[in-house]
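Work out the full structure: start from the sequences and follow the hints.
As given, the protein sequences belong to chains X and L, one line each in that order. Take the position in the first sequence, starting the count at 1, then add 18; the result is the number in the numbering used here. Take the position in the second sequence, starting the count at 1, then add 817; the result is the number in the numbering used here.
Read the hints as simulated data drawn from the structure, not as lab findings. Wrong hints could be hidden among the right ones.
Claimed, not checked - Residues of chain X placed beyond 12 Å of chain L at every Cβ, according to the derived structure:
#, residue
1, I77
2, T82
3, G83
4, I112
5, G166
6, K268
Unchecked claim - Derived, one-sided and incomplete: chain L residues facing chain X with beta-carbon distance under 7 Å:
#, residue
7, A825
8, P832
9, E869
From the three backbone atoms N, C-alpha and C, an ideal C-beta is built for every residue, glycine too.
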Amino acid sequence: MGTQAEFDQMIKSGELIESPKEMTPDYLKELKHTLIVSGDTELISAPAYYLAAKRAPSINAFMTGIAIIQDELAHAHIAYHILEELGEDQEKLIFSRDPKSFRYPYAFDVPLESWTELVVANGMYDQAGFCLLGDIHDKCSYGPWKRGLNKVMAEENFHLRNGRTWMKRISASGGAAKDELQRAVDWMFPLSVEWFGLPDSMKMHSTQLEYRLKGLTNDQLRQWWLSTVVPYCEQIGIKVPAHKEVRDGKDVWELDYPFPCEFDAEEKRWDFKQPISWDDVLVRWRARGPRNAEMVAMFQEEFHKFRKTHHKNGS
Amino acid sequence: MTERLWAALSEVQDPEMPVNLVDLGVIYGISESDGVVAVDLTFTAMGCPASEFILEDIRERLLREPGVSEVRVNIVWDPPWTVARMTEAGRDALEAWGLAV
Numbered sequence: 019m020g021t022q023a024e025f026d027q028m029i030k031s032g033e034l035i036e037s038p039k040e041m042t043p044d045y046l047k048e049l050k051h052t053l054i055v056s057g058d059t060e061l062i063s064a065p066a067y068y069l070a071a072k073r074a075p076s077i078n079a080f081m082t083g084i085a086i087i088q089d090e091l092a093h094a095h096i097a098y099h100i101l102e103e104l105g106e107d108q109e110k111l112i113f114s115r116d117p118k119s120f121r122y123p124y125a126f127d128v129p130l131e132s133w134t135e136l137v138v139a140n141g142m143y144d145q146a147g148f149c150l151l152g153d154i155h156d157k158c159s160y161g162p163w164k165r166g167l168n169k170v171m172a173e174e175n176f177h178l179r180n181g182r183t184w185m186k187r188i189s190a191s192g193g194a195a196k197d198e199l200q201r202a203v204d205w206m207f208p209l210s211v212e213w214f215g216l217p218d219s220m221k222m223h224s225t226q227l228e229y230r231l232k233g234l235t236n237d238q239l240r241q242w243w244l245s246t247v248v249p250y251c252e253q254i255g256i257k258v259p260a261h262k263e264v265r266d267g268k269d270v271w272e273l274d275y276p277f278p279c280e281f282d283a284e285e286k287r288w289d290f291k292q293p294i295s296w297d298d299v300l301v302r303w304r305a306r307g308p309r310n311a312e313m314v315a316m317f318q319e320e321f322h323k324f325r326k327t328h329h330k331n332g333s
Numbered sequence: 818m819t820e821r822l823w824a825a826l827s828e829v830q831d832p833e834m835p836v837n838l839v840d841l842g843v844i845y846g847i848s849e850s851d852g853v854v855a856v857d858l859t860f861t862a863m864g865c866p867a868s869e870f871i872l873e874d875i876r877e878r879l880l881r882e883p884g885v886s887e888v889r890v891n892i893v894w895d896p897p898w899t900v901a902r903m904t905e906a907g908r909d910a911l912e913a914w915g916l917a918v
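The structure is reproduced here in structure tokens:
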């Protein structure tokens, strides 16, 4: 490894980093952090989706739901596997961390309780994942991760399709089914918007961008997400609190509510009349939401139970 | 006409992998009579999570062909699909994507 300046130049020129030997300690730290967020997000989506997939309306729908969960577990595995190669202990990361220290979007802490909510998650949360991972796949300076994302992208496409197909179908059937869909969109849309984090105006410096661990800023990613979700919802007759404006010849997506604002996780309801600060949001995120402990326990508990009985029998 | 229908189905992509259904080798036969098209289709696995999407895509594409008024898809499991049923082009596509077949 050369000097910091040489390393920075290497990143800037678009070269790929292939092994820990080539990294500066700071790059390694930032890469690990980014991978943990990605791995935790994919991992926690499995129990979150499972709670709702159990309510699938047909065997075929159940199979699709389960296949999506299997994909998410595999995507988590890719991130944790790379972390292991970077010197982390995968088992400790997954099974020995405190639930509150998992680094996934707050949205997954709010329970998905019906097939309708699951397909909206496929249409909106997986679209957020698609934007974030698509950007990493496109720009990431770490070769092994960039290549690993090849297949991930194709599979996320399949999840999106499940979300969109079902949202369209439910909306077309009208009546109470459509009302339920609209209610799900009403609370899940703003949670997805929040997913992309602080606005660029408040985030002066991004080490991730500097190291090319991602290529787009939070606001650019949020705009990308809005540009796919808003037109689709409008097309299938579902209302969303955002609209398009043309500014300097460019499409800009504007939210129709104060961002950020107050959310009641138990009631799954936003109060658009109650703007809050980003500090308030960060407090809510750090405290985690209603299902955090339960979902982490879903995979941690059995691991430890199994381990205990095995040790007893073995010794 | 069936030649045209085969060409149409070679434009239908598998929902999970970047390969079309004809090159994937899941279309076992196509016949047509008075605008009614019958397709023999298999899946790569009995638990194929994308089966409903594949059926939808086949119908949607064939109904866009002039002269087609109805599409009947017959799902068959014999002979079972194996990678040997893929075309050379299908294999190349999946290999380029990173899947050894």
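Discussion item. Taking the earlier hints as the rules, which of them does this structure contradict?
Written reply: Hint check: 1, 2, 3, 5, 7 fail, others pass.
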